[in-house]
Amino acid sequence: MVQNIIDVRNLSKSFDISSKEPGLKGTIKHFFRRQTKSLKVIKDISFEIKEGEIVGFLGANGAGKTTILKMLCGLIYPSEGSILVSGYLPFRRKENFLKNITLIMGQKQQLIWDLPPIESFYLNASIYDLDKFEAKKRIKKLSEMLEIDEELFIPVRKLSLGQRMKSELLAALIHQPNILFLDEPTLGLDINAQRNLRKFLQKYNEETNATICLTSHYMKDITSLCKRVICVHEGAISYDGKLDLLLKKLSPVKEILIVCRSEEDAIKLENSGFSVKNKIKNEITIKIENNSITSSLKTILNNFDIEDLFINEPPIDEVIGKVLIKKDYDI
Amino acid sequence: MSLRKYLKVYKKFLHTSLASELEYKTNILVDLITAILSLVGSIFLLSIFFQNSGYIGGWKFEQALIIQAIYTILNGITNTWFNPNLTEIVKHIREGTLDFVLLKPIDSQFFISLKKINPSGFLEIMLGFLLLFFCIRINQINLNLSFLTLSLITISCSICILYSLWFFISTTTIWFVKTWNAIEVLRSFLYIGRFPLSSFSFSLRIFFSVFIPIAFITTIPSEVFLGLSVFWKILLEIIVATIFLINSRKFWLFALKFYSSASS
Numbered sequence: 001m002v003q004n005i006i007d008v009r010n011l012s013k014s015f016d017i018s019s020k021e022p023g024l025k026g027t028i029k030h031f032f033r034r035q036t037k038s039l040k041v042i043k044d045i046s047f048e049i050k051e052g053e054i055v056g057f058l059g060a061n062g063a064g065k066t067t068i069l070k071m072l073c074g075l076i077y078p079s080e081g082s083i084l085v086s087g088y089l090p091f092r093r094k095e096n097f098l099k100n101i102t103l104i105m106g107q108k109q110q111l112i113w114d115l116p117p118i119e120s121f122y123l124n125a126s127i128y129d130l131d132k133f134e135a136k137k138r139i140k141k142l143s144e145m146l147e148i149d150e151e152l153f154i155p156v157r158k159l160s161l162g163q164r165m166k167s168e169l170l171a172a173l174i175h176q177p178n179i180l181f182l183d184e185p186t187l188g189l190d191i192n193a194q195r196n197l198r199k200f201l202q203k204y205n206e207e208t209n210a211t212i213c214l215t216s217h218y219m220k221d222i223t224s225l226c227k228r229v230i231c232v233h234e235g236a237i238s239y240d241g242k243l244d245l246l247l248k249k250l251s252p253v254k255e256i257l258i259v260c261r262s263e264e265d266a267i268k269l270e271n272s273g274f275s276v277k278n279k280i281k282n283e284i285t286i287k288i289e290n291n292s293i294t295s296s297l298k299t300i301l302n303n304f305d306i307e308d309l310f311i312n313e314p315p316i317d318e319v320i321g322k323v324l325i326k327k328d329y330d331i
Numbered sequence: 001m002s003l004r005k006y007l008k009v010y011k012k013f014l015h016t017s018l019a020s021e022l023e024y025k026t027n028i029l030v031d032l033i034t035a036i037l038s039l040v041g042s043i044f045l046l047s048i049f050f051q052n053s054g055y056i057g058g059w060k061f062e063q064a065l066i067i068q069a070i071y072t073i074l075n076g077i078t079n080t081w082f083n084p085n086l087t088e089i090v091k092h093i094r095e096g097t098l099d100f101v102l103l104k105p106i107d108s109q110f111f112i113s114l115k116k117i118n119p120s121g122f123l124e125i126m127l128g129f130l131l132l133f134f135c136i137r138i139n140q141i142n143l144n145l146s147f148l149t150l151s152l153i154t155i156s157c158s159i160c161i162l163y164s165l166w167f168f169i170s171t172t173t174i175w176f177v178k179t180w181n182a183i184e185v186l187r188s189f190l191y192i193g194r195f196p197l198s199s200f201s202f203s204l205r206i207f208f209s210v211f212i213p214i215a216f217i218t219t220i221p222s223e224v225f226l227g228l229s230v231f232w233k234i235l236l237e238i239i240v241a242t243i244f245l246i247n248s249r250k251f252w253l254f255a256l257k258f259y260s261s262a263s264s
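Chains X and B, in that order, are what the protein sequence lines are.
Quick note, in our numbering, the first sequence goes up one by one and the last residue is 331.
Quick note, in our numbering, the second sequence goes up one by one and the last residue is 264.
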């Protein structure tokens with residue numbers, strides 16, 4: 001039986017946030033009498049993650065995804081509740097715990113700016129107590145997986161964002177962590193670089209059985225890597241379960257564009273009881289529920305003179321977008 | 001905590017920061033020239049103070065030069081280690097890159113205090129030592145083992161006090177986010193350390209000994225060099241340095257509980 005590697009119970013986090021009124025008056029008032037209020041950014045959440053799972057955290061900006069990741073890796077103290085990661089209390093940041101995890105942030109970097117990435121790798125290797133031989137072996141293996149070679153010897157400041165991100169990944173994985181916390185790792189990358197990074201993460205997970213917790217605003221990252229998603233809405237979990245179940249729930253119908261041989265056929269189809277989205281000349285778009293697609297298409301093909309038809313999946317971004325604004329999904 | 005591992009990491013710190021700095025040759029050259037000009041300027045300023053009267057606070061010019069030498073060594077240490085690292089803490093906290101430090105299996109205070117090095121500060125340390133050897137000659141100081149041990153102890157204590165003060169201020173960034181001004185105030189107070197403590201009024205002496213022990217930092221080691229030191233003062237400096245060092249550590253660990261990281 002696969003064990004839980006992350007166990008979160010009734011976790012909450014509050015921050016003291018100060019607010020400022022606009023204008024000079026507001027600035028002066030803010031300087032002399034700063035008004036702070038306690039804001040509960042994470043509200044009583046509980047979940048478990050099994051070893052080897054890849055879990056995507058979905059939510060709008062400010063929903064609390066990054067705060068959850070930072071509490072899981074021990075950067076932020078929780079206000080209430082308990083967290084166990086790999087059997088450790090993360091915020092104690094014990095050496096063995098830190099050797100087991102890594103955090104990669106798409107918008108922050110740890111590589112030494114003026115030096116080639118290889119220097120940062122060897123520095124990290126010494127921090128993780130790896131000897132030179134072992135470090136060299138791991139750098140070689142990871143650089144092959146990430147398909148980087150010459151870039152290792154070029155100063156970081158001269159690398160492209162994609163090359164830099166690959167190097168960041170290598171620096172963060174040199175100690176072979178079991179748990180990866182990835183906060184928007186593909187941020188700002190072009191489509192090819194995003195795809196390569198996803199491919200790498202998939203491979204890393206398959207080869208090492210590492211657990212991956214991922215946040216991303218690129219839906220492709222989530223759909224191609226995560227079977228399970230945890231949706232966070234205003235600090236609370238609105239859905240925790242399989243991604244495909246969520247998608248089915250959120251888009252129970254498919255849109256079918258039917259090109260009829262004549263406009264008369266299109267009119268006949270329009271009046272035949274199907275839910276019609278729109279009709280332009282001989283082209284008609286209808287909505288059919290997922291569970292009756294086969295029978296409905298059979299009926300249409302048997303009774304109407306059809307030239308062509310297209311089944312359109314609703315855009316994933318649009319579907320997931322619904323999650324970001326809804327409080328609860330009971331599936 | 002294995003000492004071998006920390007030495008290995010520090011060797012890497014030295015290597016990477018030297019390599020980073022050497023990427024900018026002109027910058028190093030400018031820093032070196034600045035260090036020389038700064039020392040010449042300081043000695044010139046000191047000589048002006050001594051022009052009218054041969055003594056300030058009971059110290060002759062040749063004796064006051066020892067303070068200048070110790071100040072130069074400490075300033076060199078400041079520029080070599082404290083300035084590049086401790087001012088970076090503010091940046092780490094503001095930009096949230098402290099996250100990477102805290103997630104490394106290494107002591108975070110060690111990491112942020114020693115990761116960088118500014119090689120041009122070495123010249124200042126060397127100039128300070130040259131001036132010190134010159135002062136030893138002109139003041140006809142007799143070098144012996146107890147004298148060298150006491151000098152080493154008091155200078156080490158001075159370094160600890162200076163480091164702790166700077167680190168303490170930088171740590172407050174966790175709450176106040178921006179503390180550049182406080183560090184600038186500390187740097188300007190450091191200039192006070194170029195003059196003998198006894199040259200100040202009683203109230204200022206108390207202030208610079210108790211509240212901000214800047215004068216302590218240079219005066220007591222200088223007194224050791226001149227054979228003017230008394231045991232209780234050396235003991236006091238050791239106690240102050242220990243208290244400062246322990247508290248800076250405790251304060252850092254306490255402050256980390258309030259670290260909220262920067263938003264992404």
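Simulated from the structure, these hints should not be mistaken for laboratory data.
One or more hints might be untrue.
[What the hints assert, rightly or not] Pair by pair, the computed Cβ-Cβ distance ranges are:
1. B:Phe129 with X:Gly62: 47 to 57 angstroms
2. B:Lys5 with X:Asn4: 30 to 40 angstroms
3. B:Lys5 with X:Phe153: 20 to 30 angstroms
C-beta atoms are modelled at their ideal positions from N, C-alpha and C, and glycine is treated no differently.
Tested hints:
1. B:Phe129 with X:Gly62: 47 to 57 angstroms: 55 angstroms Cβ-Cβ, so the 47 to 57 angstroms window holds.
2. B:Lys5 with X:Asn4: 30 to 40 angstroms: holds (32 angstroms)
3. B:Lys5 with X:Phe153: 20 to 30 angstroms: The hinted range 20 to 30 angstroms holds for B:Lys5 and X:Phe153, with Cβ atoms some 26 angstroms apart.
Figure legend: structure checked against the earlier numbered hints; every hint is met.
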